[in-house]
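Number of protein chains: 4
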Amino acid sequence: MFHSQTQIRVRYAETDQMGYVYYGNYAQYYEVARVEALRQVGLTYKMFEESGLMMPVLYLSCKYFKPARYDDLLTIKTMIKEKPNVRVHFFYEVYNEQGILLGTGETTLVFIDMKTNRPVKCPQILADKLASSFVE
Amino acid sequence: MFHSQTQIRVRYAETDQMGYVYYGNYAQYYEVARVEALRQVGLTYKMFEESGLMMPVLYLSCKYFKPARYDDLLTIKTMIKEKPNVRVHFFYEVYNEQGILLGTGETTLVFIDMKTNRPVKCPQILADKLASSFVE
Amino acid sequence: MFHSQTQIRVRYAETDQMGYVYYGNYAQYYEVARVEALRQVGLTYKMFEESGLMMPVLYLSCKYFKPARYDDLLTIKTMIKEKPNVRVHFFYEVYNEQGILLGTGETTLVFIDMKTNRPVKCPQILADKLASSFVE
Amino acid sequence: MFHSQTQIRVRYAETDQMGYVYYGNYAQYYEVARVEALRQVGLTYKMFEESGLMMPVLYLSCKYFKPARYDDLLTIKTMIKEKPNVRVHFFYEVYNEQGILLGTGETTLVFIDMKTNRPVKCPQILADKLASSFVE
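Going line by line, the protein sequences match chains A, B, C and D.
So the first sequence is numbered by this note's numbering: it starts at 167 and just counts up by one.
So the second sequence is numbered by this note's numbering: it starts at 167 and just counts up by one.
So the third sequence is numbered by this note's numbering: it starts at 167 and just counts up by one.
So the fourth sequence is numbered by this note's numbering: it starts at 167 and just counts up by one.
Note that these hints are calculated values from the structure, not bench results.
There is no bait here: all hints are sound.
Given that identical chains are not distinguished, each listed pair holds provided it fits within a single copy or across any two copies.
Mimicking SDA-like on lysine to any residue, the simulated pairs with C-alpha atoms at most 25 Å apart in a straight line are:
id : residue 1 : residue 2
1  : 232       : 250
2  : 243       : 173
3  : 212       : 288
4  : 212       : 285
5  : 295       : 168
6  : 249       : 291
7  : 212       : 248
8  : 287       : 183
Could you build all of it, start to finish, from the sequences and the hints given here?
If you want it as structure tokens, here you go:
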């Protein structure tokens with residue numbers, strides 16, 4: 167299993183009048199978390215797009231256990247549990263500063279060749295970076 | 167089954183550099199859709215909050231089949247398939263102007279008494295409005 | 167002077183924990199307002215982009231007199247006070263359902279040829295639509 | 167003059183289909199910048215709200231010189247040029263990694279006593295922290 171951690175400070179803009187982080191904003195947190203996970207292995211999603219590969223999201227799910235609040239310094243734990251093929255599945259756990267699990271999430275992304283607009287296999291450079299995380 | 171329909175015009179702000187609606191923005195569309203569904207039976211979520219009831223989201227899922235694009239006039243179909251109890255489940259379908267299904271979603275919300283911060287049963291006024299939608 | 171009116175319902179997502187519309191969200195309301203102003207004269211910003219013209223924003227200002235709140239049905243009045251040339255200036259007034267002026271804003275946009283990435287004059291089709299609004 | 171610096175990584179969510187940061191998102195960047203400026207002198211806006219003081223925004227302006235783009239690591243320079251009284255004026259400069267000035271902004275915020283909902287003077291603790299920045 168590949169795993170990684172990122173911290174995100176909750177912005178005032180991201181709260182709603184309930185005093186909680188708006189439920190739709192976790193999708194942004196997950197985006198930041200998976201992009202930073204890639205950066206931690208020396209890759210950037212920006213490079214992928216520049217090389218003609220994009221990764222649109224096919225599926226998102228979020229479970230909300232406890233609210234995140236303004237100015238919380240959240241820790242997002244990002245996991246890839248299986249070797250990516252044409253799709254890659256990310257799992258997320260969101261913790262506050264007290265280490266309380268606030269929620270979990272999942273996203274499925276697909277590798278798309280921007281020229282053909284067709285799905286392609288996980289790029290070799292990413293497969294290589296992740297290889298040591300998956301015991302055969 | 168209770169069902170309802172709302173239209174939403176995609177804002178430029180809601181697109182991303184892929185030229186698609188950003189995947190996290192569907193949560194806002196679903197919010198608008200369920201609030202307008204309530205309004206269509208004569209209720210507003212605002213009234214619920216003013217009467218001391220809030221409805222935080224416990225669960226969200228989205229499946230993305232095809233991208234929504236800038237200026238698309240989307241039709242969101244909102245469904246409640248079972249009688250709400252302490253929780254209410256909404257199902258959503260998002261269509262573009264050509265009638266193509268772009269994605270589907272689900273949310274689970276819980277009724278919370280703002281004084282006690284405890285779950286409570288679906289308010290009678292909402293149960294009554296929905297009653298005719300559910301054949302016993 | 168050219169003027170136009172649009173209505174926007176405040177989303178829960180757009181509020182913050184103060185219980186007000188977050189100050190940065192007015193930029194989106196102004197975007198909707200000017201796009202709908204164009205639509206009311208038979209044009210769409212989408213058509214402009216498809217024909218190779220884009221209109222990035224050079225300047226934004228907002229004055230906030232009173233807060234907009236969740237579920238408010240806002241009326242945005244959009245005005246163009248002078249004939250556009252390479253730039254076009256929009257003025258906005260935001261009213262709530264009681265007709266109270268909540269704030270005012272301004273944006274300056276520039277017409278850019280997407281091929282050359284250089285400023286160009288206001289497209290003739292827009293100039294023509296607006297012509298009757300400006301007495302020589 | 168008081169000044170401070172913060173870094174913000176542009177999220178994919180914050181871009182639009184022009185491939186630029188959406189013009190309305192700078193308001194969020196300015197929020198982060200001024201909150202981090204306070205944190206750098208040992209204060210948090212969260213503490214202010216918990217002590218019954220809120221700081222709504224009265225005025226915002228933004229000038230956009232060059233676009234910020236996806237994954238840019240922006241540096242926001244925040245300045246307070248005059249001693250705050252009932253209001254506080256923040257000035258912002260946004261730079262990319264090449265040190266190019268992408269835009270400037272200003273916000274005016276007012277100190278409001280949440281009990282009376284009336285403007286009050288800048289809290290002494292903040293005045294003291296800033297005092298050394300303003301030569302009499």
